[in-house]
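> What follows is each chain in one-letter form.
There are 2 protein chains.
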Amino acid sequence: MSTTIHAPNKVASTSGKPTRRLANRTRTKSSARSNETPVDQNSDKQPANIQQHEANTDAMDSMDDAQKKPTIRDVARLAGVSYGTVSRYLNGNTHVSQDAAERIAAAITKSQYTPNNAARSLAQRRTLTVALIIQVESNETIAQASMSRAMAGANQVLGDAGYQMVTLIANSEDSTRRIAQLVQSDFSDGYLLFSLSEDSMLANTFASVKRPVVLSEVRERENLPFPAVDFTNTEGQRDITRYLLDQGRTKLVYVCGPGYSPSSNNRFDGFKAAMGDRFNERHVYYADDWEGTSGEMAVVEFQPMLDELDGFVCANDSIALGVINQLNRFGYRVPDDIAVTGFDDSPIALLANPKLTTVRQDSQLHGETMSRLLLSMLQGDIVEPHYVQLLPTTIAERQSA
Amino acid sequence: MSTTIHAPNKVASTSGKPTRRLANRTRTKSSARSNETPVDQNSDKQPANIQQHEANTDAMDSMDDAQKKPTIRDVARLAGVSYGTVSRYLNGNTHVSQDAAERIAAAITKSQYTPNNAARSLAQRRTLTVALIIQVESNETIAQASMSRAMAGANQVLGDAGYQMVTLIANSEDSTRRIAQLVQSDFSDGYLLFSLSEDSMLANTFASVKRPVVLSEVRERENLPFPAVDFTNTEGQRDITRYLLDQGRTKLVYVCGPGYSPSSNNRFDGFKAAMGDRFNERHVYYADDWEGTSGEMAVVEFQPMLDELDGFVCANDSIALGVINQLNRFGYRVPDDIAVTGFDDSPIALLANPKLTTVRQDSQLHGETMSRLLLSMLQGDIVEPHYVQLLPTTIAERQSA
DNA sequence: CTGTTAGCGCATTCAA
DNA sequence: TTGAATGCGCTAACAG
Chain A
1 MSTTIHAPNK VASTSGKPTR RLANRTRTKS SARSNETPVD QNSDKQPANI
51 QQHEANTDAM DSMDDAQKKP TIRDVARLAG VSYGTVSRYL NGNTHVSQDA
101 AERIAAAITK SQYTPNNAAR SLAQRRTLTV ALIIQVESNE TIAQASMSRA
151 MAGANQVLGD AGYQMVTLIA NSEDSTRRIA QLVQSDFSDG YLLFSLSEDS
201 MLANTFASVK RPVVLSEVRE RENLPFPAVD FTNTEGQRDI TRYLLDQGRT
251 KLVYVCGPGY SPSSNNRFDG FKAAMGDRFN ERHVYYADDW EGTSGEMAVV
301 EFQPMLDELD GFVCANDSIA LGVINQLNRF GYRVPDDIAV TGFDDSPIAL
351 LANPKLTTVR QDSQLHGETM SRLLLSMLQG DIVEPHYVQL LPTTIAERQS
401 A
Chain B
1 MSTTIHAPNK VASTSGKPTR RLANRTRTKS SARSNETPVD QNSDKQPANI
51 QQHEANTDAM DSMDDAQKKP TIRDVARLAG VSYGTVSRYL NGNTHVSQDA
101 AERIAAAITK SQYTPNNAAR SLAQRRTLTV ALIIQVESNE TIAQASMSRA
151 MAGANQVLGD AGYQMVTLIA NSEDSTRRIA QLVQSDFSDG YLLFSLSEDS
201 MLANTFASVK RPVVLSEVRE RENLPFPAVD FTNTEGQRDI TRYLLDQGRT
251 KLVYVCGPGY SPSSNNRFDG FKAAMGDRFN ERHVYYADDW EGTSGEMAVV
301 EFQPMLDELD GFVCANDSIA LGVINQLNRF GYRVPDDIAV TGFDDSPIAL
351 LANPKLTTVR QDSQLHGETM SRLLLSMLQG DIVEPHYVQL LPTTIAERQS
401 A
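Heads up: the sequence lines are chains A and B, in that order.
The first sequence runs 1 to 401 under the UniProt record's numbering.
The second sequence runs 1 to 401 under the UniProt record's numbering.
You may find that some hints are simply not true.
With a cut-off of at most 27 Å between alpha-carbon atoms, the simulated DSSO-like pairs for lysine-lysine come out as follows [stated by the list, open to error]: (1) A:272 x A:251; (2) B:68 x A:68; (3) B:110 x A:110; (4) B:68 x B:110; (5) B:272 x B:251; (6) B:68 x A:210; (7) A:210 x B:110; (8) A:272 x A:210; (9) B:210 x B:272; (10) B:210 x A:69; (11) A:251 x A:210; (12) B:355 x B:251; (13) B:355 x A:210; (14) A:251 x A:355; (15) B:355 x A:355; (16) B:69 x B:110.
Residues from chain A that keep clear of chain B, each with C-beta distances beyond 10 Å, as calculated [said to hold, decoys possible]: (17) 80; (18) 88; (19) 140; (20) 152; (21) 197; (22) 284; (23) 329.
Selected chain B positions facing chain A (Cβ under 8 Å, derived; list incomplete) [as the list claims (entries may be wrong)]: (24) 71; (25) 72; (26) 76; (27) 78; (28) 80; (29) 82; (30) 116; (31) 119; (32) 127; (33) 137; (34) 139; (35) 152; (36) 325.
By construction, these hints were calculated from the structure, which means they are not laboratory data.
Just so we're clear, the structure is a prediction, and the values are computed from it rather than from any experiment.
All residues carry an ideal CB built from backbone N, CA and C; glycine is no exception.
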């Protein structure tokens with residue numbers, strides 16, 4: 001077995017560094033380990049070989065190490081100015097004399113001062129962070145390329161504007177509830193909500209929130225609680241279906257994504273729109289997720305009538321890959337016998353054999369656009385809840401159709 | 001073109017809700033739009049049709065809406081107690097009379113009070129958050145299933161312990177610098193550092209940090225700055241190589257991952273270990289990334305000698321899929337002519353044709369274990385920097401080898 | 001240009 | 001059990 005678990009080395013003292021200076025006033029620090037531990041800490045599964053030290057001087061030392069961070073006052077004292085001046089210096093702009101600035105700068109490096117986030121946020125009443133909240137049914141959803149690209153795009157735009165993006169994952173009732181609380185407590189200045197599910201538990205939470213929110217998907221524009229940015233899912237799927245129809249392929253099966261997903265439903269609408277009268281409810285496979293195995297199952301389901309079919313239009317690329325693989329196994333040639341299309345243009349589209357013809361969407365742009373909208377709201381622009389911006393989709397023509 | 005961009009509706013007033021009560025003392029709120037905007041806000045790419053309102057009463061109203069959140073004092077006043085009592089009530093435990101508790105509860109729901117995060121953090125000197133920091137060269141790395149599974153695992157364990165996991169992405173110099181600052185300012189109580197790169201710019205930043213840190217990868221145990229949890233990458237790759245050797249396949253090519261990745265290098269070590277004297281430096285393809293296209297390129301590179309080869313051992317699943325596809329295109333049968341193995345056991349292993357034989361690692365466990373270690377450190381346990389915990393890997397035997 | 005002062009909202013002593 | 005007071009570290013208004 002390749003199951004080597006290295007026994008960890010024995011534990012040494014916390015560090016060789018000398019204890020810090022700057023310890024003038026003696027702090028009150030009772031509560032010597034009682035409420036150090038937060039709620040619900042279940043410490044039963046402790047890794048072995050870790051020194052479980054009880055409340056002793058060592059503990060104090062390590063705590064001190066964490067607490068004795070120099071403050072703005074220490075810097076002021078060192079520089080021989082009032083701490084108001086230091087604050088001004090730190091906030092860049094206002095009038096500080098050359099002389100004072102230099103002394104402060106020196107004092108800062110000498111004391112290794114770093115500002116405290118919480119204090120700043122409290123005084124300014126803003127955190128300079130934007131939370132990107134991902135609400136998912138399945139953890140696999142986070143792994144989708146579109147998601148990480150959107151995150152990258154948002155991270156870039158928000159970062160350039162001076163905001164730090166922090167992403168929170170709501171994948172259970174607990175985590176959703178916890179995040180809901182945070183949102184109510186002004187954890188961030190604004191929120192990008194990737195609620196990949198229609199019955200959003202979070203929606204209610206957000207209803208009363210006083211900070212700007214932007215959504216990533218929209219199904220019904222009418223009762224949209226917040227502005228949103230989405231793709232032209234419907235048009236994209238409609239167009240690629242027409243693309244097949246134009247080739248004379250009319251016996252099409254649709255493999256639908258999970259019913260809780262707005263995008264999934266919008267894409268399905270697009271397929272129906274293109275098919276018109278030719279739409280056949282029995283030529284639809286309803287998947288529970290976005291995974292490749294669902295595509296395989298779809299093909300198995302339709303095996304008896306495979307000879308009469310022209311193509312599979314799939315809700316996304318993973319499903320399409322599953323379809324292609326299963327068709328290959330059954331001995332059908334793609335696209336000669338049966339064409340297959342996907343949606344997303346994720347990297348795996350290129351790993352398909354034959355390479356996947358799919359609907360391309362620029363997910364990075366998605367994140368960027370949502371962020372720009374949020375930023376404008378953070379600036380004070382008022383955007384009505386029904387505001388929707390739709391991003392274009394195009395057909396990426398490859399080999400599978 | 002399927003490029004429908006809906007023109008957004010015109011803008012309405014911010015909300016129909018009446019202005020809030022609780023406005024006793026008149027606030028000083030000068031700075032009427034000047035420094036509302038944070039640093040570097042480049043507002044040139046504003047979406048159209050959004051009312052860019054200037055400083056007027058509307059702006060004030062919306063600002064007020066965000067600010068007039070009730071505080072603990074408002075609750076106290078409503079309940080007829082001192083705000084100290086309310087604080088005690090909120091923090092669960094200590095002595096509060098039944099009577100007072102009920103009145104406070106009523107006051108809270110009536111005033112819609114929600115605590116303020118920053119104030120709490122400041123007073124408690126802890127945030128009850130743990131930051132999971134992903135430092136990547138390529139954004140595609142975030143999309144890997146292993147990453148999202150680790151995140152899910154960490155989110156679960158940390159959440160159960162009362163901590164909120166917040167993930168930060170460092171994918172540029174700017175973002176890395178920004179995150180480094182946050183870390184210095186006690187943004188979170190602890191850090192899970194997924195530094196998927198050896199020359200970590202963050203490492204220096206973290207060197208002086210006073211909060212617990214756990215790493216996700218380890219190359220050299222000796223000079224490890226923090227405790228780490230990793231997989232038995234070396235043993236895993238060694239074992240699957242032996243698995244091929246035991247089949248009599250000795251003419252093996254290794255497709256190496258990016259050189260900046262510890263895991264990549266460790267896996268390479270494993271291959272070499274298994275090959276021993278048979279290791280041939282010229283039978284190695286050094287990829288720059290973890291992508292499938294690199295696998296394809298590797299096969300192209302070795303095309304002239306493909307007939308003499310027994311198998312491809314790949315640094316991860318994506319690369320392996322690229323190898324399989326390219327071999328298929330060249331008319332080689334997998335595994336009959338040439339075997340192919342991967343590493344990770346990600347979902348795409350099942351989308352390969354034939355299905356991929358690979359090294360399995362439990363990435364969710366990775367996130368969980370890192371989190372448990374961090375939690376123990378947050379409790380005060382002292383873990384020496386060289387502490388390393390290695391998680392097992394096993395062979396997932398399928399069809400490709 | 002700079003020092004002083006007053007909070008930001010909450011936790012936590014200390015008396016009562 | 002509770003009220004009052006102090007401080008967390010910093011920002012921002014106001015005098016000077």
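> Can you name, in rising order, the numbers of the hints this structure does not satisfy?
2, 3, 8, 9, 11, 13, 19, 20, 23, 24, 25, 26, 27, 28, 29, 33
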